[in-house]
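Colleague: Residue numbering for the sequence shown follows the working numbering, beginning at 1 and increasing consecutively.
Calculated from the structure, these hints are not laboratory results.
It cannot be assumed that every hint is accurate.
Here are the simulated DSSO-like cross-link-like pairs (lysine-lysine), alpha carbons at most 30 Å apart as the crow flies [what the hints assert, rightly or not]:
| # | residue 1 | residue 2 |
| --- | --- | --- |
| 1 | K329 | K246 |
| 2 | K5 | K15 |
| 3 | K335 | K404 |
| 4 | K514 | K487 |
| 5 | K514 | K544 |
| 6 | K236 | K574 |
| 7 | K474 | K585 |
| 8 | K229 | K490 |
| 9 | K246 | K236 |
| 10 | K556 | K229 |
| 11 | K434 | K402 |
| 12 | K487 | K556 |
| 13 | K404 | K481 |
| 14 | K574 | K544 |
| 15 | K488 | K474 |
| 16 | K481 | K574 |
| 17 | K521 | K15 |
| 18 | K585 | K556 |
| 19 | K404 | K487 |
| 20 | K490 | K402 |
| 21 | K521 | K5 |
| 22 | K402 | K474 |
| 23 | K434 | K354 |
| 24 | K29 | K182 |
| 25 | K354 | K488 |
| 26 | K229 | K246 |
| 27 | K192 | K574 |
| 28 | K556 | K481 |
| 29 | K521 | K402 |
| 30 | K29 | K15 |
| 31 | K192 | K246 |
| 32 | K556 | K474 |
| 33 | K487 | K434 |
| 34 | K514 | K481 |
| 35 | K487 | K402 |
Between beta-carbon pairs, the in silico distance windows are [what the hints assert, rightly or not]:
| # | residue 1 | residue 2 | range |
| --- | --- | --- | --- |
| 36 | A66 | T589 | 50 to 60 Å |
| 37 | C597 | V255 | 34 to 44 Å |
| 38 | M416 | K64 | 54 to 64 Å |
| 39 | I20 | G337 | 22 to 32 Å |
| 40 | D550 | I20 | 44 to 54 Å |
In this text, a Cβ means the ideal position worked out from N, Cα and C, and glycines have one as well.
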Amino acid sequence: MIIEKLDAILDLVEKPARYIGMEMHSVIKPDNEVNVRFAFAFPDTYEVGMSHLGLHILYQLINKEAGLQCERVFAPWPDMEAVMRSADIPLYTLESYRPLSEMDVVGFTLQYELSYTNILNMLELGGIPVLSADRGNHDPVVIAGGPCAFNPEPLADIIDLFVIGEGEEVTLELLRLYESIKPNFDRNAFLKQAAQIEGIYVPSFYQVRYNEDGTLAAFEPLEPGVPAKIRKRLMKDLNQSYFPDKFIVPFIDTVHDRAMVELFRGCTRGCRFCQAGMIYRPIRERSADEVVRLSETLLSTTGYEELSLTSLSTLDHSEIRPTIEALSKLNEDAKIGLSLPSLRLDSFSVEVLKEIQKVRKTGLTFAPEAGSQRMRDIINKNVDEQDLTETMRQIFELGWDKVKLYFMIGLPFETMEDVDGIAGLGDLVTYVHKRVSSVHKSKGLSVTVSASCFVPKPLTPFQWEPQDSLEQFKEKQRYLKQRITNKKIKFSYHDAETSRVEAVFARGDRRISKGLIEAWKNGARFDGWNDYFSYERWTEAFEKTGIDMDFYATRKRSYSELLPWDHIDAGVDKHFLVAENENAKSGTTTQDCRDGCIGCGVNVCWGGLC
C-alpha cells in the first residue's frame with residue numbers, strides 16, 4: 001500500500017504536507033459510488049497548483065456529479081521524487097492514494113510552456129507510457145487543456161486529446177462518454193467519439209506535411225468526420241455557470257493564499273501582445289449580486305482573511321464600484337482584505353482604492369508594459385505618462401508607499417530609447433512621491449520595476465513577429481541595470497534564456513516533442529524555477545534532435561505562412577490579427593471594444609454575444 005510506504009519517507013522531504021491530502025473540503029467517495037476516476041494533474045508544486053482557480057472549479061464541479069470522482073496530483077519536488085524512486089512508490093493521487101496508472105482519465109492543465117517536462121516526468125512516475133502511441137486499452141486516457149492548448153502541437157505525440165477553450169461543460173461530456181463505454185473500453189473507439197465533441201482535438205487523427213524550408217505545407221484530417229478546424233468551447237453565461245461554494249483549504253501556505261471569485265472572463269482592451277485577451281473573448285460578466293453572494297459564501301466556508309477578485313482587467317467590470325462598496329461594507333468588521341490584480345493607470349483605480357483601504361492596505365501593482373508612449377501605442381496599451389503621474393500622486397496622498405511596475409522588453413519595433421523610458425518612468429514615480437511627501441509627510445517609498453522578456457504568442461497580433469535574440473535581451477537588461485541608479489527603485493528582470501525556450505514551445509510544431517523528450521531524459525524538470533533550469537541542457541537536446549531554436553523563436557513569419565495552430569479556432573478572425581499587426585507598425589491605436597465593435601470576429605462567430 002502506498003499510504004504505508006509514505007509513513008516511512010515523508011520525514012525525509014521538505015514540506016510533507018504537499019503529499020498527504022485529507023484537507024478540509026477534499027472529497028473522497030466510496031469505491032462503490034465511483035464509475036470514472038479523473039485525476040486533475042497540475043504540472044508544478046502543490047503550492048502553485050492549489051492557487052489555480054480552475055482546479056477548484058473543476059474539482060468541485062466533477063465531484064458533485066454522481067459516479068464521478070475528481071482527484072488531484074501535483075509534480076513532486078525533486079527531493080520527493082528521489083525518495084519515491086528509491087522506495088518504489090509510483091506517483092499517486094491525494095484522494096485515494098492510487099497510482100496515476102489506475103486512473104481512468106488524467107487531465108493536465110497547460111498554464112506555462114516550461115512545465116512541459118514535468119508532464120513527462122509525472123506520466124513516467126505514475127506508470128503511464130509517455131508517448132500516446134504506446135498506450136493501450138488498460139492505460140488512462142491523457143488529456144490536456146488551458147491557455148497553452150491553443151497551440152497543442154509540441155505535445156501532440158504525448159497527449160491523447162486536447163480540450164480547446166473553457167472546460168466546465170466539455171470535461172463532463174468527456175467523462176460521461178468514457179463512463180458509457182468503459183465496460184468494453186476501446187481506446188481508438190473512444191477517441192473517435194470524443195473527436196465529435198465540439199472543442200476536442202485528437203492529434204493522432206491528423207497528419208502534418210512540411211515544405212523543404214521547414215515551414216508547414218499542410219495540416220490534414222486522417223479520419224472521416226473529424227473537423228478540419230477545432231472550435232473552442234465557451235461558457236456563455238457566467239451567472240448560470242458553475243462556481244464552487246467552497247475550496248479545499250490547504251494545510252500549508254500556497255502562492256495565493258486567499259479566497260478567489262471570478263468577476264468575468266474575456267477582455268475588451270486589445271493589448272497586442274496578450275494571448276489571454278484574444279483567446280478568452282468575448283467578455284462575460286458575473287453580476288455584482290452574484291459576486292457578493294459567492295464571496296460571502298467562500299469566506300464563511302474557508303476561513304480565509306483575504307479575498308481576491310480575479311479577471312484579466314478587474315476594474316473593467318461594469319458594476320465594479322457597487323461590487324467593491326458592497327464587499328468593503330461586508331468585510332469591514334471582519335477585517336477581510338480585498339486584493340485586485342494589476343490596476344489600470346487612471347483615476348477610477350484610485351476611487352476603488354479608497355474603498356479597499358478602509359479595511360486593509362494591500363500591495364499595488366500597475367502594468368505600464370512599455371517605457372515610452374510610442375511603444376505603448378504600438379502595443380495598444382492606451383495609457384499615457386499623465387495617467388501614471390496623476391495615479392501615483394493620488395495613491396501616495398492616500399498613504400500607499402509600495403508600488404510595483406511591470407514592463408516588457410523586446411517588444412516588436414522597440415528601440416533603446418523605448419527601453420530608456422522604463423528607467424525614466426521609475427524616476428518619475430519617485431519624483432511624484434517626493435513632491436507628495438513634502439506636503440503629506442508620507443513614509444519612505446519602495447518602487448519595484450520588473451522587466452520580463454517578450455515572448456510572441458499564438459493567436460495574437462504579434463504571432464508573426466520575431467523574438468529578440470539572447471544578446472539583444474541581455475544588452476537591454478545591462479543597460480537598465482546601469483541606468484537605474486535611484487536607491488528607491490529595485491530592478492528585477494526575467495532570465496532571457498527561459499524566455500527563449502518558452503518561445504520555442506509557444507510557436508513550436510510537432511517536431512519539438514523530440515527535443516522535449518530528450519531534455520527530460522537528461523534531467524529537465526521544473527524549468528520554470530531558476531534553481532533547476534539549465535539552458536545548456538536545452539541547447540544540447542535541441543541540437544541532438546535537429547531542432548533550430550532560431551527557426552521558432554527569432555524568425556519573422558509572413559502572413560501567408562501556415563502556422564502550427566491555424567487549425568484551432570479561438571473565434572478571433574485572422575484578418576483582424578493581421579490588421580492589428582499593421583496598426584502596431586504605424587503606432588495606430590484601436591479603441592476598447594466597449595466603445596464600439598472593432599470587428600475581431602468573435603461577435604459573428606459566437607452569435608452576437610459582445
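Colleague: Now tell me, hint by hint, if it's right for this structure.
Modeller: Against the structure, the hints:
For the suggested pair K329 and K246, the alpha carbons sit about 22 Å apart, so the restraint of at most 30 Å is met. Of the supplied pair hints, the one linking K5 and K15 holds, its CA atoms being roughly 17 Å apart against a limit of 30 Å. Pair hint K335 plus K404 holds up; C-alpha atoms about 24 Å apart against a cutoff of 30 Å. Our distance criterion of 30 Å between C-alpha atoms is broken by K514 and K487, whose separation comes to about 47 Å.
At roughly 9 Å between alpha-carbon atoms, K514 and K544 fall within 30 Å of each other, so this suggested pair holds. Restraint check: the Cα-Cα separation between K236 and K574 comes to about 22 Å, which is no more than 30 Å; the hinted pair holds. A C-alpha spacing of about 24 Å is found between K474 and K585, which places the hinted pair at or below 30 Å, so the restraint holds. Straight-line distance between C-alpha atoms of K229 and K490 comes to about 47 Å, which puts the hinted pair past the 30 Å bound.
Distance check on the hinted pair: K246 and K236 sit about 23 Å apart at the alpha-carbon level, within 30 Å; holds. Between K556 and K229 the CA atoms are separated by roughly 25 Å; this keeps the pair inside 30 Å, and the hint holds. A hinted pair counts as satisfied when its Cα atoms are at most 30 Å apart, and K434 with K402 qualifies at roughly 14 Å. For a cut-off of 30 Å, the pair hint linking K487 to K556 is broken: about 39 Å separates their Cα positions.
For the proposed pair K404 and K481, the alpha carbon gap of about 17 Å is at most 30 Å, so the pair holds. Pair hint K574 plus K544 does not hold up; C-alpha atoms about 35 Å apart against a cutoff of 30 Å. The suggested pairing of K488 with K474 holds, with an alpha-carbon distance near 23 Å, which does not exceed 30 Å. As the CA atoms of K481 and K574 are separated by approximately 39 Å, the hinted pair breaks the 30 Å bound.
Restraint check for K521 and K15: the C-alpha separation of about 26 Å stays at or below 30 Å, so the hint holds. About 14 Å separates the Cα atoms of K585 and K556, which keeps this hinted pair within 30 Å; it holds. Taken as a hint, the K404 and K487 pair is honoured in the structure, with Cα atoms around 15 Å apart against an allowance of 30 Å. Of the supplied pair hints, the one linking K490 and K402 holds, its CA atoms being roughly 11 Å apart against a limit of 30 Å.
Our distance criterion of 30 Å between C-alpha atoms is met by K521 and K5, whose separation comes to about 27 Å. The suggested pairing of K402 with K474 holds, with an alpha-carbon distance near 27 Å, which does not exceed 30 Å. The hinted pair formed by K434 and K354 meets the criterion: a straight-line CA distance of about 21 Å does not exceed 30 Å. The suggested pairing of K29 with K182 holds, with an alpha-carbon distance near 19 Å, which does not exceed 30 Å.
Proximity of K354 to K488 is assessed by CA-CA distance (about 25 Å); at most 30 Å being required, the pair is judged to hold. About 37 Å separates the Cα atoms of K229 and K246, which puts this hinted pair outside 30 Å; it is violated. Pair hint K192 plus K574 holds up; C-alpha atoms about 29 Å apart against a cutoff of 30 Å. Taking the CA atoms of K556 and K481, the gap is about 29 Å. The hint holds against a cut of 30 Å.
Note on K521 and K402: the hinted pairing is violated, with a Cα-Cα distance of about 44 Å set against a maximum of 30 Å. Between the alpha carbons of K29 and K15 the distance comes to roughly 26 Å, so the proposed pair stays at or under 30 Å and holds. Pair hint K192 plus K246 does not hold up; C-alpha atoms about 36 Å apart against a cutoff of 30 Å. Only pairs whose Cα atoms come within 30 Å are accepted, and K556 paired with K474 is accepted, the gap being roughly 20 Å.
The hinted pair formed by K487 and K434 meets the criterion: a straight-line CA distance of about 13 Å does not exceed 30 Å. A C-alpha spacing of about 37 Å is found between K514 and K481, which places the hinted pair above 30 Å, so the restraint is violated. For the given pair, K487 sits about 14 Å from K402 by alpha-carbon distance, which is consistent with the 30 Å threshold. For A66 and T589, the Cβ-Cβ distance of about 52 Å falls inside the hinted range of 50 to 60 Å, so the restraint holds.
Hint check: C597 to V255, Cβ distance near 37 Å, so the stated range 34 to 44 Å holds. Take M416 and K64: their Cβ atoms lie about 56 Å apart, and the range 54 to 64 Å holds. The hint said 22 to 32 Å for the Cβ distance between I20 and G337, and at roughly 29 Å that hint holds. Between D550 and I20 the Cβ separation comes to about 46 Å, which falls inside the hinted range of 44 to 54 Å.
The structure shown violates the earlier hints numbered 4, 8, 12, 14, 16, 26, 29, 31 and 34.
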